[in-house]
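S.K.: If you want the building blocks of each chain, they are given just below.
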Amino acid sequence: MTAISSGATTYIAQSVSLFDGFDGFVLPLVLKIAFVLQLFFVVPLVGGYLEHKAMGRMQHRRGPVEAGPFGVLQLVADGIKFIQKEDVIPRAADRWVFAAAPGVAMVPALLVFLVIPLGPGVFALDLELGLFYALAITSVSVLGVLMGGWASANKFSLIGGLRAGAQLIAYELPLILAAITVAVQAGTLSLVGIVEAQAGFMIPGTGINVWFVFPQIVGFGIFFISAMAELSRPPFDMPIGDSELVFGYMTEYTGIKYAMYMLTEYAGMITMSALMVVLYLGGWQLLPGVPMPGCEGAGGLFDCSPIGIALSVLVTLGKIMALVFVMVWARVAYPRLREDQLQRMSWLVLVPLSLLNLAVITVFKVVF
Amino acid sequence: MAATSPPGTGLLKGLGVTIKHLFQRPATLMYPYERNELAPRTRGVIALMDENCTVCMLCSRECPDWCIYIESHKETVPPAKEGGRARTRNVLDRFAIDFSLCMYCGICVEVCPFDALWWSPEFEYSEYSIDSLLHEKEKLRAWADTVPAPPPLDDGAVLPAEVADAIEKAEKERELAEAKAAEEAQAKESGAAGGAATPAAAAKEPEVEVKAGEIDQETFDQLIAEGKSERIARSKAKAAWVKKEKARLKAEAEQGGGDAAAPAAAPKPAEVHVEAGQIDQETYDQLIAEGKTERMARAKAKAAYVKKEKARLRAEAEQAAPSGESAAPEAEAPAKKQLSEVHVEGTGEIDQEVFDQLIAEGKSERIARSKAKAAWIKKRKQEQLDQEGGA
Amino acid sequence: MSDLDTKERIQPGTAPGEDVAFEIHGDGDFPTADMSLSIGPAHPATHGVFRIVLEMDGERVREARPVIGYMHRGFEKLAEYRDYRQIKALVNRHDWLSGFSNELGVALAVEKMMEMEVPDRAQWIRMLIAEWNRILNHLMFIGSYAIELGAITPMFYAFREREDIQHLLESATGGRLHFTYNQPGGLKIDLPKGFLRESQRLSTVVRERLPDYFDLVLGNEIFQGRTKGIGPLPSDVALSIGVTGPTLQATGVAEDPRVTEPYLKYGEIDVPVPVGENGDSFDRFSCLLRRIQASLDIIDQVHDHVPPGPVNSKLPKMVKAPEGATYVRTENPLGQLGYWLESDGGRTPWRLKMRTPSFSNVQAIPYLMEGVLLPDAISILGSVFFVVGDIDR
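Protein chains in written order, with the numbering used here: chain A, 1 to 368; chain B, 1001 to 1391; chain C, 2001 to 2393.
Hints were generated in silico from the structure; no laboratory data involved. As the structure is a prediction and not an experimental result, all values here were calculated from the model. All C-beta atoms in this analysis are idealised placements derived from N, C-alpha and C, irrespective of residue type, glycine included. It is possible that some hints are incorrect.
[Said to hold, decoys possible] If you anchor each label on the Cβ, the simulated ranges turn out as follows:
hint : chain 1 : residue 1 : chain 2 : residue 2 : range
1    : A       : 348       : C       : 2042      : 49 to 55 Å
2    : B       : 1247      : C       : 2201      : 42 to 48 Å
3    : B       : 1029      : A       : 72        : 19 to 25 Å
4    : C       : 2080      : B       : 1050      : 31 to 37 Å
5    : C       : 2252      : B       : 1164      : 51 to 57 Å
6    : B       : 1115      : C       : 2316      : 56 to 62 Å
7    : A       : 66        : C       : 2325      : 54 to 60 Å
8    : B       : 1113      : C       : 2254      : 47 to 53 Å
9    : B       : 1165      : C       : 2254      : 47 to 53 Å
10   : A       : 206       : B       : 1029      : 52 to 58 Å
11   : C       : 2353      : B       : 1031      : 40 to 46 Å
12   : C       : 2042      : B       : 1050      : 43 to 49 Å
Take these sequences, add in the hints, and give me the full structure.
M.R.: If you want it as structure tokens, here you go:
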């Protein structure tokens, strides 16, 4: 296994995936597909379990306990249940659009995992435009939501779908502006490059290494809120809003299609958290300025031994789960906003703030 | 999370409240494994003590949704005495409650004049099919084993007339007995006898409490013959029954006390109050192993626990105040059990011999049955005792 | 929604035969058409089978029409064929969250007709349990209202408290929702030993936990943003509609039969009545929350008063109200409950008319919902506290 990076240079344009170390074309391809699929199907379930359990404990109950030890298999059991359920398509629905919508929502969520780096070399692909790709492809998911909302031939679904669309438009802007600010500071759009840039980022005038979350605490906040809004996680879950819209765009969905939407939501939580970890929280770096044991490359994050790689992956996953926990925490503690309050918050607060943030960081970058 | 908007204290407090609960023990119970102790008054399921039922149909008529089904037939009983009048009486054939209709208002239990219906806190009788919720007589009788003792009333409460009367009477009797015992003791002392029986006699006379419920058929018939109304006759007959029963019990107890065996003078189990609540794990496991249902096992284990606890308390009390034990060495063996200490579940079986004999004596079937039942239980108890003694 | 061409297709959400013609509003480039949105009868926000038909322009409500009767069970007619003992089991089911208060109303009416003396002890115990019942009810609405606004957690906390209180009441009455503890002339049976001590303990426990609700819900900025200024109800409108209970008190009117027309022993103790200012959703909710505190205050006072003695008076074999009629009103958890009891001297009432608080409260919905946004409509719907069984009866 050779995890290759250019080592000495500060910015690597493109690093090579672990899986490219294998010979040939087919084997790495198969491995990459397997890697992405297992990420897509396993990590969201872990996130979902965390949500169930943390939510339960914060609500003074236990959460799942029966399925598997400590209920760890609850979501698997749910999945099996969903598969068994009858697949209902309303008579008035637009059949094909209705059937295709969950897939349209799910596939982009699956594709984002292509570029998420979990550790040195542990990713399927390091695109030069990784950040751009990730943000672009996550936005496609909402198309599936809109399709589902429209095709259900249900007024609640329609309102839910439209709200989701409005929410996406409103929050894509602050999200991208916050992400661009990071790209400006890192000088690259490659996600692996951003991780490496954070390992080499010092507070000006000192030798203290910090992550981007410190200079960009505002940007991090904007990104976090926008990500939650885009995923329509509570307290921004107006597209679903069960007390208003029954279940929003998912009202008419049952069985496996419903499960696909749910999986999309959980996968979205994971990918957004992973993006935040990469952009702001130093990727797989344990603590700022602390090299990973077993690694020798730049900032002590590359050229790792298998142990180093395993540790890095664990660190990344731990950070992702911590962010998922915060999202769950907000869900437990807060009521839902109103749609117009949400829009107002985006256009009047987050967008100006993120523009200001971009300007300040750019000036900062040029001066130092 | 709110980094851009001025962090509202309300938002932070919300986070604080929820995170506080994260570190507290969950308030939920792991239901099938852990159970909440339900209050004795809980309206869980209705139990029937069919031997008390006189087919008066009050419950069935008062039930707001008519979910009680009763069927009976009349039987002619030969006269009790030569030349007497043959009587007819109702025999309960069917008593069923449809729990799919029942709304658990408790009116049937409230109106039952003969204490045949009781509330039990058991609630685990859900079924897959709605018609299985129709509980017939046998099933309702089985619930009767799970009926807990009514909880003691609040200190400020006025006791029900019957209870208050009974207590007053018992108090009086006890006072009398005490006075008598004191007299005797004095006499004995002066006689310098110091017999073995003295402490036993000095011990408290066992309280006799009889549940009013059955009626004395003889009195009843007599009063009816005298032209009294049925209601009056019934209530008087009831009183007569209680009186008789008390006298009988007292006589029995005295006989027990009169025997030189001192342990009879030890406080009756009824005097040691034990909070029912825990179960006797040993008994429970054993019963489960024997294939009993969990509910039954639990109820029995509970009873076993109470019994054990009582025995323990009594032993303690005895130790604290050793009464006639020195005089009656056979009482020392703790394995030696009183008849009353042996627990035998009344399963409704009757002692055929006794039954036949009583019927032959002209007793009514109801009385014969209940006496036969008692006899059966007594026999079983004796058997068990012998067995234990042998072991 | 200008999909006029789809008019011929099945219009989702409309009942067969319902008028689906669109009215076009505005002119120029963006004409809009109304959409009729049927909230309920089976909708998460209506907690029961209650239906509101909303005429919507986008997300704005033009008109709201409550449709009731999906849960009509004919209580008033049923009561005419039930004797007074059976009625007790019947009436604690129309508002299933305030069973004790309901049966209390009937018991008071029968006692009034029969001119019965009720022992003091029974009256104090009735008050104690009625106030616990009120807390049970309010906790339920605190939880469900929070859920309607998207906060799931308060429900679980509320149910934790409810469970404790129900356990307490079960030890005395044997029931958790349907207590059937009253009877004409007093109570069915006295309290079990230790009840008052346990009640005292629980009162402090609930009091200690109440700040959690203030912090988690009432103090939350998002909650305030969702409720402050939403659906304000002027007090004169409220009075003219007949709104009572916390919904009326939130408008600033301190009307409460416990104070203005004391029954039981409420006249002998201090009964706090929390009031609001604007009568908006926020005030309604905060009134509800502060009413729990008020009830706890009453409970603490009652603990010091319960005298020893009997809890019921001697009843004839068959309770028969003498010929005549009477009206009794009590402060139920949700508002004023009135029973008009008319008897021809028989063992069943000749007529039992119920004036239920929920029925009157929902009459305010068309007024409150006009011109609000859909999420606000839900915020209003949840804050006009009602129980569907109490509306339809």
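S.K.: Next step is simple, just say for each hint if it's right about the structure.
M.R.: Tested hints:
At about 38 Å, the beta-carbon gap between residue 348 of chain A and residue 2042 of chain C misses the expected band of 49 to 55 Å. For the pair residue 1247 of chain B and residue 2201 of chain C, the beta carbons lie near 46 Å from each other, so the given range of 42 to 48 Å is met. Range check, residue 1029 of chain B to residue 72 of chain A: about 22 Å between beta-carbon atoms, so the 19 to 25 Å window is met. At roughly 35 Å, the beta-carbon separation of residue 2080 of chain C and residue 1050 of chain B lies within the given 31 to 37 Å, and the hint holds.
Range check, residue 2252 of chain C to residue 1164 of chain B: about 53 Å between beta-carbon atoms, so the 51 to 57 Å window is met. A hinted range of 56 to 62 Å for the beta carbons of residue 1115 of chain B and residue 2316 of chain C is inconsistent with their spacing of about 22 Å. Between residue 66 of chain A and residue 2325 of chain C the beta carbon distance is about 57 Å. The supplied range of 54 to 60 Å therefore holds. Between residue 1113 of chain B and residue 2254 of chain C the beta carbons are some 49 Å apart, a value that agrees with the proposed interval 47 to 53 Å.
As the Cβ distance of residue 1165 of chain B to residue 2254 of chain C is approximately 50 Å, the hint placing it in 47 to 53 Å holds. Taking the beta carbon of each, residue 206 of chain A and residue 1029 of chain B are about 56 Å apart, inside 52 to 58 Å as hinted. For the pair residue 2353 of chain C and residue 1031 of chain B, the supplied restraint of 40 to 46 Å holds, since their beta-carbon distance comes to about 43 Å. Separation of residue 2042 of chain C from residue 1050 of chain B is about 44 Å and conforms to the stated range, judged on CB atoms against 43 to 49 Å.
In summary, the structure is inconsistent with hints 1 and 6 from the numbered list given earlier, while agreeing with the others.
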